[in-house]
Amino acid sequence: MVKGGSPPEVSLSAILQLFGAGYTQSHLTVNLCHYIMSLPKPVMRGLLTAQIKKHIAIASVLCFITVGGFKVLVQDPRKRLYADFYKNYDALAEFNRIRNLGYLQSARPDGEE
Amino acid sequence: MASWSSLGFQDAASPLMEQLIFFYDYAMLVIILIVTLVGYMMASLFFNKLTNRFLMEGQTIEMIWTILPALILIFIALPSLRLLYLLDEVGSPEITIKVIGHQWYWSYEYSDFLQVSFDSYMLPPNELPDNGFRLLDVDNRTVLPVNAQVRVLISAADVIHSWTVPALGVKADAVPGRLNQVSFAVNRPGLFFGQCSEICGANHSFMPIVIESTSTDAFLNWISSSSD
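In the order they appear, the protein sequences are chains A and B.
To convert, note that position 40 of the first sequence is 40 in our numbering; the numbers rise steadily by one, no gaps.
Counting the second sequence from 1 gives a position; our numbering is that position plus 113.
One should not assume that every hint holds.
[What the hints assert, rightly or not] Distance ranges between label pairs, derived from CB positions: (1) Arg80/A / Met154/B: 33 to 39 angstroms; (2) Leu62/A / Leu168/B: 23 to 29 angstroms; (3) Pro289/B / Ile58/A: 23 to 29 angstroms; (4) Tyr82/A / Phe319/B: 52 to 58 angstroms; (5) Leu191/B / Arg45/A: 41 to 47 angstroms; (6) Glu175/B / Arg80/A: 40 to 46 angstroms; (7) Arg80/A / Lys162/B: 45 to 51 angstroms; (8) Gly69/A / Asp330/B: 43 to 49 angstroms; (9) Leu186/B / Lys53/A: 23 to 29 angstroms; (10) Pro192/B / Leu47/A: 38 to 44 angstroms; (11) Gly69/A / Pro237/B: 29 to 35 angstroms; (12) Leu191/B / Leu62/A: 24 to 30 angstroms.
[Said to hold, decoys possible] Mimicking DSS-like on lysine-lysine, the simulated pairs with C-alpha atoms at most 27 angstroms apart in a straight line are: (13) Lys54/A / Lys162/B; (14) Lys284/B / Lys211/B; (15) Lys54/A / Lys71/A; (16) Lys53/A / Lys211/B; (17) Lys79/A / Lys284/B; (18) Lys79/A / Lys53/A; (19) Lys53/A / Lys41/A; (20) Lys41/A / Lys54/A; (21) Lys41/A / Lys162/B.
Everything labelled a hint here was simulated from the structure, so no lab data went into it.
We put the CB at the ideal spot given by N, CA and C, even for glycine.
Based on the provided sequences and hints, a complete structural model is requested.
Written as structure tokens, this is what we have:
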């Protein structure tokens, strides 16, 4: 793209001489709208490999997040819950509490035959 | 016990059920990994711009999607087999009871020291107390001591039934002419419910199981009063 200034007027004969085409000169003047620039060469190969690498990276991060989330939010709390429940558990006290509520057939509440 | 809208397991009341729940969590971890990976691959197809009409084979991808699932299965199988063999262990039971399935009730025999046997029928709704559980309560509950290793020998008198208590992680078919053995220990006192788990006729849904877990003293008092 032209950055500032007016586009140059280049004669067709000058261009033909530059490329040594040997054509007969013409009186036409070509008004080029922009300079001839060299574009970067587009990537032609390895597209699938690049795509796979990108997707493997994204998939790994996603998997890490979901699996880590399940472990941290569900699995570990459940194990901790059971460990904490039984850490100071008094089975006899719990039995007496349930017995005194009158739910058991084999043992009646205190004061009841 | 199970109530309406219960989606997950009942709270474990035996060490084996705790291990089963933990293994379930571990397997769910692997499942979530696979679902995330496959789901992402499927979603990325919507945005794919690369095609190859002449694709014939891909040895590398074939190797990957053969070896990776095999590895995942090994990671699932190892703890699964550990638990499987753990469930089969019967380590020095302190008490043995016999369970016989009938159409449509269970009978229990305590033969270790005093000969105690009784039948256990579901309480019909018209006999259910106000605080009773419909279709789950029975007239004579199976009383067991807490923290004692229990062996249960299960059989049937007529057709195949199945004796199960989900909170204890126990299920075994009651097959006529066969004795199946399960072993468990109840961690905490309370009431634990189960239902017959093998179709056995018209009242298959109406022969529940109730385990009443009590202190050792209460159990001994109960069994001596029951044998009188």
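Evaluated hints:
{"no.": "1", "hint": "Arg80/A / Met154/B: 33 to 39 angstroms", "verdict": "holds (34 angstroms)"}
{"no.": "2", "hint": "Leu62/A / Leu168/B: 23 to 29 angstroms", "verdict": "holds (26 angstroms)"}
{"no.": "3", "hint": "Pro289/B / Ile58/A: 23 to 29 angstroms", "verdict": "violated (58 angstroms)"}
{"no.": "4", "hint": "Tyr82/A / Phe319/B: 52 to 58 angstroms", "verdict": "violated (33 angstroms)"}
{"no.": "5", "hint": "Leu191/B / Arg45/A: 41 to 47 angstroms", "verdict": "holds (43 angstroms)"}
{"no.": "6", "hint": "Glu175/B / Arg80/A: 40 to 46 angstroms", "verdict": "holds (43 angstroms)"}
{"no.": "7", "hint": "Arg80/A / Lys162/B: 45 to 51 angstroms", "verdict": "holds (47 angstroms)"}
{"no.": "8", "hint": "Gly69/A / Asp330/B: 43 to 49 angstroms", "verdict": "holds (47 angstroms)"}
{"no.": "9", "hint": "Leu186/B / Lys53/A: 23 to 29 angstroms", "verdict": "holds (27 angstroms)"}
{"no.": "10", "hint": "Pro192/B / Leu47/A: 38 to 44 angstroms", "verdict": "holds (41 angstroms)"}
{"no.": "11", "hint": "Gly69/A / Pro237/B: 29 to 35 angstroms", "verdict": "violated (48 angstroms)"}
{"no.": "12", "hint": "Leu191/B / Leu62/A: 24 to 30 angstroms", "verdict": "holds (26 angstroms)"}
{"no.": "13", "hint": "Lys54/A / Lys162/B", "verdict": "holds (14 angstroms)"}
{"no.": "14", "hint": "Lys284/B / Lys211/B", "verdict": "holds (14 angstroms)"}
{"no.": "15", "hint": "Lys54/A / Lys71/A", "verdict": "holds (26 angstroms)"}
{"no.": "16", "hint": "Lys53/A / Lys211/B", "verdict": "violated (62 angstroms)"}
{"no.": "17", "hint": "Lys79/A / Lys284/B", "verdict": "holds (23 angstroms)"}
{"no.": "18", "hint": "Lys79/A / Lys53/A", "verdict": "violated (37 angstroms)"}
{"no.": "19", "hint": "Lys53/A / Lys41/A", "verdict": "holds (22 angstroms)"}
{"no.": "20", "hint": "Lys41/A / Lys54/A", "verdict": "holds (22 angstroms)"}
{"no.": "21", "hint": "Lys41/A / Lys162/B", "verdict": "holds (20 angstroms)"}
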